Structure formats: structure tokens, C-alpha cells
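Student: So the chains spell out like this:
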Amino acid sequence: MIFMMKMLTGNYASAWGAKLARVKVVAAYPITPQTTIVEKIAEFIANGEFEGRYIRVESEHSAMAACIAAENTGVRTFTATSSQGLALMHEMLHWASGARLPIVMSVVNRALGPPWSIWSDQQDTISQRDTGWIQIYTENNQEVLDSIIMAYRIAENENVLLPIMVIEDAFILSHTMEPVEIPEQEKVDMFLPEYDPRYKLDPAVPMGFGSLVMPEGPFMEYKFKGQEAMENAMNIIDEVDMLYKENFGRSYGGTVEEYRLDGAENVLVIMGSVASTAKDVVDKLRNEGKNVGLVRIRSFRPFPYKRLRYILKNRKSVGVFDRSYTFGYGGALFTEVRSTLYGLSTPVKGYIGGLGGRDITTGLLEKIFMDIIRIGNEGIDRDYEWVGLIGDKRW
Amino acid sequence: MKNLTIPEEEYMLPGHTACLGCGATLAMRYTLKALGKNTIITIPACCWAVIPGVYPSRTLEVPLLYTAFEVTGAAVSGIRQALSAKGIEDVNVVGFAGDGGTADIGIQSLSGAVERGEDIFYIMYDNEAYMNTGIQRSSSTPKGAWTTTTQVGKVRDWKKEKKKNMVEIMAAHGIPYTATASIAFPEDFIKKLEKGKKIKGPKFYHVFSTCPTGWLVSPNKSVEVARLAVDSKVFPLYEVENGIYNITYMPKKEVSVKEYFSLQGRFRHLTEDEINEIQKEVDESWRILIEKEKWSKSLIKV
Amino acid sequence: MNEFPTPIATVPSTSNKTGGWRTFRPVILYDKCIRCMICWKFCPEPAIKIVSAEKYQAKNAAIAKLDAPEIDYDYCKGCGICANECPVKCIDMVFEEKLEG
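Residue numbers (our numbering), protein chains in the order written: chain D, 1 to 395; chain V, 1 to 302; chain R, 1 to 101.
Heads up, none of these hints are tricks.
Each computed DMTMM-like pair below joins lysine to aspartate or glutamate, with the alpha-carbon atoms no more than 20 Å apart:
| no. | chain 1 | residue 1 | chain 2 | residue 2 |
| --- | --- | --- | --- | --- |
| 1 | D | K316 | D | D381 |
| 2 | R | K17 | V | E10 |
| 3 | V | K86 | D | E51 |
| 4 | V | K197 | D | D202 |
| 5 | V | K2 | R | D31 |
| 6 | V | K143 | V | E284 |
| 7 | V | K86 | D | D196 |
| 8 | D | K279 | D | E366 |
| 9 | R | K89 | V | E224 |
| 10 | V | K258 | V | E224 |
Keep in mind that the hints were calculated from the coordinates and are not lab data. Bear in mind the structure is a predicted one, so any value in this text is a computation, not a measurement.
The shape of chain D in the complex, shown without the other chains (with noise of 0.2 Å):
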């Protein structure tokens, strides 16, 4: 076997993913800190390598509408955004995942203004999270690669026909680089058959995708179809994951990867590059002989709540860090986790920090592990609350 590496960001490790995908159209708009993959992308076309087309579109919203029509047109599409992109997509997103298409988009997690930040939280794509689009967050430049050839064999899957968020963060992943394998075509190939749809655009079927459908019409029944899509993407992302193991050697456990869980009391549940410093704190607390553990999501939509409740049910208490707000209320990770555990007497805390691309050191991470081992001795404080703000003594 031939293994080829190379020296990548995170961006890059996009822009090959789609490549080695054999993409056939390529809508995109500049947005820091998205901008390099589709550079890279054009850098590619420049030089022969990627044979599909790359439509240099006005907006992101024309991004994601020139991907539906090709999509519907019946060919494999890609692009990409951040932030405000991916907020200006926002009407679009409804309508990819309405018509069922398996678009898939990278998205680097960019903080949205005012003020202006470029730099990381999850606030644009958790804004995002009602739009029938799959998230799936990643950690590293490999698992971004990886993540993008896995999002299209689960997209098109017939019994999901959703599109695909791949989200990285900005700048800690986009802009650094790591050592990425980079799968060899032929096996990508196999992994990955052509693009071919059941229905699309075509002069010899005249058919109207789309049209204006009564109260009395089938909307619901193609929206419940939809939610059972996502629930059939929960099993098929975790499958996906294990073949792609078997194929390429590598695997993120799926919808949910687990850090040291055995005998783990208290368990804290994160998303995103975050979760490697995270892992280090959970090293080094295992070596002062604290029990506790690290869940990652990769998938917040569909969120794996079967297979996280039996991850959670017997832990002493769970902490939950959101890179994202909801003014009003505690982060939508904390939310969701908690409602997945209604029922059980675990104690469930939300901590929402990272804002604006705000530094989560060792430091935080390790504070917020000693809360959550003390509400598990003690009970809950408080539902939430915000860590790492200037000034606050306690973080």
C-alpha cells in the first residue's frame, strides 16, 4: 500500500476531501477563514487535477442555490462557508435539505458579529440546527479529510438524502497545519461509485421539483420523511464509520466518540478541535486519580441521544461546553444533552465559553472538570453558566 502524506491545514484537507470525491460542480464565495479550500480548489482546476466545474458565484446564497440545481441536475456538489456565509445561505439551507439533496458543504466555525470576530465558535453552524442539514464536527486536518469522503457516502445513501455540514474550527484547524494521509484515488473511487440519482432534471421526464403543496397535500408526510431520513442517518453514520475503517484504516466513532469512559464518574461532553485539549486534561486528571472522561459529539444533527443516554445513564454527573450562545437560556449542546437524560438523577451543567475565538485552556477545562466532579459530590448550583469571561476570579 501506498500511504501518501502530506503536510496540511485543515482547509486544504477540505479541499482534497471534495477533490478525491470527484466533485462535479463547485459553487463557492470568499469568507475568512473558509476562503483557502476553495483556493486550493482553483488551484487544483488551474492545474488539470479536479475535473469538475467551479461556478465563482456573487454570494453564498447563490453558493447554495447554484449547488441545488446542479444537485438536482443529478451531479455531486460541493462548497463551502463561514459565519456570516453560512447565515446569508440560511433560506437555502431549508430548500437543500427540503429536496432532499446531498449536497455537502464544509464549514469552518467562525464567530458571528457584531463585533466582527474571525475567529472560533460554533454560533453559525448550532444557529443552523433546524435546517435538516447533518453536522458533523470534527477534531483534527485528517478527520476533516476523512469526514468529507464519509459525508457523501452517507448523504447519498437512498434511506438518508441529506445534506452535510463538515465543520471545522477556524483557524485552529483551518489555518494549521498537520500531517494528513491522503487516501489513494482508486479506493476512494470504490468507496465513493458515481453520483447517479434516481431523479433529476432531465427534458425527457418532464417533472416539477418543488411545487406548492396544500395543507391537505402530502407537506407533512415529506417533512416526516425527512426526520426519518435523520433517524436512519444516526445507524448509517456510525456504519459509515466503521467501513471507512475497514477501507482506510482510520474511524471517529461515528456519531459519538468516546475518551476514557471506563469507570468514568464524571463526564464532560463537548464538539470541535477543543475536544484534543480537552482529552490531555482527561490524562492528566486520570493520573491524579480522578474518574473522569470525555465525550465528543461529531453529529449534533441527527443527535445520537439513544446512544448517548447509555453512554451517560449510570455517570455520577455530566458537564456540558458550548462553543455557542442562546441568550436566554444555556447552550444548545447543554440543552439537548440534558433533555436526552430527563428522567435519570445525573446532575447536567452547561458551561459556555470559546466565544469570539477566546482561548479554552487547559487551565478552564481543567476548573470546569473540578465543578463538575463537585456537583456530582454536592449537587447542582446552577443550570449554566458562562466560563472564562475577563475578570471573573472563579474561571
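The hints should help you fit chains V and R onto chain D, whose structure is shown.
Tutor: Below, chains V and R without anything else, positioned relative to chain D:
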């Protein structure tokens, strides 16, 4: 033996749900007669999003992608590039949108598609207001018109601004071909579409399409009103091919703006002076168009 | 619901008989009709068919050779464009209630 001046083939079926005398349906009927079966069409939010009828009804004999209001330009680009990626170049890719979806909310994606030189047809069927939502003012509503958002009322708040000139905007993009057309002149419209079939790149058609419901016009006068718009020079028929202007129909008889307005309830409130002012503007626009035609044709290198 | 995961419209609209919308019925007076097909050209449904020359009597021998227009009342909504555009005014718009009465 048939005595027909336009193609016999029909790609629009009856049974659709357009209002009586709808000009937009004629615009579609003629478009498909000219472009034929080998066509993919995309339609954003507009009257034509409901004319085909409620699911599972379809009224076109070509595939149709419904899409969001502002994305027609992006949607035709996506279809075109996907077809090209599959090696299919002979399919006509058509965006078919109203004036609001084109001149207002959709102008950005249209501009992008035209600037990129996408090989597509874009048909703006102009019924001069947001008719599907109930006759609200658009930038394509003509000066003087009543709409539900430019009501006459006590202080006479009818539309005071001139209609946006989409053909000029398209010409400024350096588009290979753009033209006006009218449902009252199907032969002229179809000829322009036939011409477009031979041109690679974006083709933009501004098609005057009477809305009897929104203009307060008797449905049987739908085509007549459209004809008067052309004869009164309110809506001249011309084309701009690579910057060269060509007036395709010279009005044969003198028709005043007043005469054109007289069939329409939406202009009923205008005073003699107000109509005269609009007449002057129409005359001036016509004079400028003739000058543009002369001037641009003088630039052709022999 | 069809087998697709998203609603795809496949049923021709011809199943929707819009003739019921009609208040006035266009009636072609074939003895006056010159078969110029302008009515057919401007029908927004379209609900005017082209039928063989022999089906209707014509004004004269030259016209009798031409295929004739025929209104399809299943779909005609009665907008009256045909009657308005007819150059020889051979289409009458007749109030439907009178016809039924």
C-alpha cells in the same frame, strides 16, 4: 393546410390555474414554442410558481425546478454547469421569473450569472408589480400606477418613480444578446428566441406581460393593452446585440400614452397634466432609443 | 405520495378542467371565420385546438382548405381575448347562464 405564424407545437398544457387573460402564460407558451422540448426551466417565487397548479399537477412538458425568490440567476448557472460537467451542451437552460424576482430581489444573482457569461436564457415576464402577492409595487412598476403599496388615497401616493430599465442594465454587462418582447407580438418574441438559440452565453428577454387582475384591465383586453404599450412607445420592441441597438418594430400609427392608459384602472386617477408629463418622458425615451440605434449602428466596422 | 423523497409533480394539469371558471362562452361563427388562427395564437390556456379543414363549413373555397380553430370548453376560462383579437369579429361571447337556461 395550416395558417400559422408561430410554431404549432405546445409545451404548456391547459388546466393551469392562471387568472383569466393572463399575459404571463402567453409569455411561457411562446418561450417554449420557440425553445422546444430540449429545455430545462427554473422558476422562482412568482405567479408562475402557482400557475402549474397544486402538487402533483404539472403544466409544462419540460422539467421544472421551483426555487427561491432571488436565486434564478444562480439556479440557471447550477443547472448549466451540471449539464456541462456531464458533457451535455445542447439543452436550453431557462430562468423564467417575474419583474420583482428579476429587477428587485433577484438582480444580484442575475447580474452574477450574466457577468460570468453562463450559456442560459433568462426570461423576465414583466407584469409590472408583485402580482402573486397581490399587486405590490416593484421597481418595474411604471410611473403613475396605482398598486396596493402605492395607493392613491387622499394625498395621491401613486408611484412617482420611473420604471427600471432592465435591458439597459443587461446591456451594461456586455451581454451578448438582450431584447424586449411583448405578448402581443409573439412572432417578434419567437424570432428573438430563435436568434438567442444561436448565441452562446447569456440571453436576457424583458417580456411585457399584461396582468388583467393587477392592472384593472378587462381580461379580453389583455393582448390589446400590450399592443397599445408598444404602439404608444411606452414599451418599445428592440434588441441589443453585443452593444448594437436594433428597433424590431416601428409603431405604424400614433397612439398616445393617454389612449394606452385609458384601458387600465391603475392609471385612472391621473390628471391630464400628469399624463402629459408622462407622455413627454415617453417621447424623450423613444427619441433617445432611436439615437442609440443610429449611434451604435454607426460604430459597426464595415 | 409518490416514491420520491421530495414532492415531484408528475400529473398533467389537463386533469384540471378549468372550463368551470367560465362566465362567458366564446362561440365561433364558422360561416364568418377566416381561419386566420389569431384566436389560437393568443389563447393563454391554450384552449383552442386546430382541427381538420372539413370539420366545419367555411365562408369560401379558399378558407375551406385551411384547418379550423375549435374551442375546447373543458379548459376555456372565457377570458375573451379570442373574441377581442378576432379580425372579422366572428366570435361571440355568450353568457353561460343563458346557454344553460
